[in-house]
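In order, the protein sequences belong to chains G and V. Residue numbers for the first sequence, in the working numbering: 1 to 298. Residue numbers for the second sequence, in the working numbering: 1001 to 1382.
One should not assume that every hint holds.
Each pair of labels, with its calculated beta carbon distance range [stated by the list, open to error]:
#1 V38(G) to D1190(V): 52 to 62 Å
#2 P1113(V) to F285(G): 30 to 40 Å
#3 A1099(V) to L112(G): 52 to 62 Å
One-sided and incomplete, this derived list gives chain G residues near chain V with beta-carbon spacing under 10 Å [claimed, not checked]:
#4 A73
#5 E194
#6 S197
#7 L199
#8 G200
#9 A201
#10 R202
#11 I206
#12 A214
Beyond 12 Å from chain G on every Cβ pair, some chain V residues (computed) [as the list claims (entries may be wrong)]:
#13 G1103
#14 N1108
#15 A1110
#16 F1112
#17 R1129
#18 K1136
#19 R1144
#20 R1206
#21 E1292
#22 H1309
#23 H1337
#24 D1342
#25 D1366
No lab work stands behind these hints, which were simulated from the structure alone. Where is the CB? At the ideal position from N, CA and C, for every residue including glycine.
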Amino acid sequence: MPGSSPGMTAEAVATRRASANTGAALWPLPPLLILAGVFFYPLSLILHQALHGDFGPTTFHYFSVVFGTAMFANALAHTIEIAAAASAGCIVLGFVVALILSFVPFPGSKLLARMIDTVIALPTFLVALAFTFIYGSAGVINMSFIHLFGFQNGPIDFLYSPWGVILAEITVYTPFVMRPLLAAFSLIDIAQIEVASSLGARPWRIIRQIIFPAALPALLAGGSLCLLLTVNEFGIVLFIGAKGVITLPLMVYDKAIQEFDYTTGCAIAVVNIVLSLALYTLYRFVLAHFGGRRAGVV
Amino acid sequence: MAVEATTLTGADAETTAAAAPAVGAASGIDFEGVSVAYKGTVVLSDLTLAINPGEIVAVIGPSGSGKTTALRAVAGFVRPSAGRVKIGGRDITDLPPYARDIGMVVQNYALFPHMRVDENVAFGLRARRTADALVKERVAECLRMVGMQSYTKRYPRELSGGQQQRVAIARALAIHPRVLLLDEPLSALDAQIRRNMLDELARLHRALPHLTVLYVTHDQTEALTLADRIAIMRDGKLVSYGPSQALYRRPPNRFTAEFLGRANLLTVTVEGRALGSYARARYGETELLVQEHPSLGAGSKCLLCIRPHEVLLSPPQGPCNTLRGIVQSTVWQGDQHHIALDAAGTTLRLISAPMHEPPRAGTVLDVHFHASHGVLIPHDEA
């Protein structure tokens, strides 16, 4: 028998195989234990708190209380609106900027493309802070207007509205769309664009019919990632402190940390998690439908 | 793996062409002193070349010779730093590529991967806002022309290399281009398919005799098989241009002799004129009778070009020359024997039909060539 010594009995071989199988089966255990400890256990605690409150029976009472409040409806609407608007902005801006960097090169364009990774590495609240310095009521622009033209108040006041949050999120998350797009654009065969042009296609048709379809999986991947990140964005919303703009993550913070109402905070957190998972499922579905599997991003 | 499409028969192509509307008015291509430079480096220098309407002109040369740059200047992908490019007498130098009415086929086919075969072929027509009914008709016609009518709903990835190239040709022809630019269109194909595609391109041009074709290749066989005329380039400059057979038979310079086919080049001295259009030349101790060269008079030191297949083991009819040499090597290549001789210090190669008993290395051998096959080439030219 190959792999066994001549003197070995059939039982001994079977025993050795069984122990080898047991050893192989144990390999996934350590990572599963770690995952359970740091991820599933805290999640289960949140779910337990949302369903039981402090030592109560299992009930959806806390969810129905949360769903019944105008504040929750407002936060849910704001969360979805801001995330959708910011993601759409990221997709449009990311596509245009990546297109320019890839196909209309200018001095320094390569350096600029490389710097995108740097923006991804920065904490999100830094942009909110920078926006405050630039567009805030005492920011550079408003103070310039006041000093130069004698304005009583600065004319720029969008920062403390949902638009301020959306703009800050677009600034932070656009690189997440650009990075996969730049990679996708670099894979497009320039000969295809040249041949299309020789056949009579003008630039807009080439973008629409050649570049866009080739970049669609990357665009969807980047856009969906933006959607997930903006749904759960906390730092920017908190830092800008826009009037009347409350989102689900901010509401969790308010309830759990400010008001010590852990049960309500956990119920909202569960809704936030479900919303994120639903978006993630949608992302996988859309990506598979539009050829993401072929592009290797699913 | 996709199966190779049925080869298009000449009759099919000609019938299709007869039924097809005529491809746009015949248009020649004129390069008038065209130069192209990238970041100060001149890659194409003062190219002047006239291509007649309906001609196939092959531009050949080694890598970096500027042949593709010349094609790209016609396509509008590079802007000449000097000179003008004209198609059908119209100056197109400043026109964008989409306004030039050209069809283009490139080495890697550049089919649009997300479009089916029929959508690829229809692309140019749709870009020109052609009516749907006409698009459908023309797409079917072009796919029939290249023998791909059974593959309309396939994606490019579902086709073999040869099939993809056929679709690329159909796509280029669909718009009735004034000129067809072929940039090394066969170099990605294997040898067998390449030979078939060469035949098909030749048949296609017979079916579309008004189509002017600029064919860039580094393969001399493709150029000799297809082209009416050949332009040979080196270091961004046109080295020679003329009818294919004339360039092959009477190469005007050393580079042409060596690049277009194989050549034996012997250094000789012209001794004077002989009867007819012949001249007397001396190679070592041997006096030779060769074709006269108008600019090479008595006393000129020059090169004598003899093609390997013109060097014979037995004397031909008519005026002929004999050279004695020692066999260095004999190589059998199936349908040919390649023999290398040392003839007074220069290697002389000959190609013969397969022999039962080829000469062995070290054998002293007399070889012959007809006087009309000895071509003088000025020594000092490129």
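Verification of the hints:
1. V38(G) to D1190(V): 52 to 62 Å: Holds - the Cβ-Cβ distance for V38(G) and D1190(V), about 56 Å, lies within 52 to 62 Å.
2. P1113(V) to F285(G): 30 to 40 Å: About 23 Å separates the Cβ atoms of P1113(V) and F285(G), which means 30 to 40 Å is violated.
3. A1099(V) to L112(G): 52 to 62 Å: violated (32 Å)
4. A73: Because about 42 Å separates A73(G) from the closest Cβ in chain V, which is outside the 10 Å limit, the hint is violated.
5. E194: Given a least distance of 6 Å, the restraint on E194(G) holds.
6. S197: With Cβ-Cβ at 4 Å, under 10 Å, it holds.
7. L199: OK, holds: L199(G) within 10 Å of chain V, min 3 Å.
8. G200: Because about 4 Å separates G200(G) from the closest Cβ in chain V, which is inside the 10 Å limit, the hint holds.
9. A201: For A201(G), the interface hint holds, since the closest Cβ of chain V sits about 4 Å away, which is under 10 Å.
10. R202: holds (6 Å)
11. I206: holds (9 Å)
12. A214: Since the shortest Cβ distance to chain V is 7 Å, the answer is holds.
13. G1103: violated (7 Å)
14. N1108: Non-interface label fails for N1108(V): nearest chain G Cβ at 6 Å, not farther than 12 Å.
15. A1110: A1110(V) is in fact no farther than 12 Å from some Cβ atom of chain G, at 4 Å.
16. F1112: About 6 Å separates F1112(V) from the closest Cβ of chain G, which leaves it inside 12 Å; violated.
17. R1129: About 9 Å separates R1129(V) from the closest Cβ of chain G, which leaves it inside 12 Å; violated.
18. K1136: holds (17 Å)
19. R1144: holds (20 Å)
20. R1206: holds (24 Å)
21. E1292: holds (46 Å)
22. H1309: holds (38 Å)
23. H1337: Check passes; 42 Å lies beyond 12 Å.
24. D1342: holds (48 Å)
25. D1366: At about 54 Å from chain G, D1366(V) clears the 12 Å cut-off, so the statement holds.
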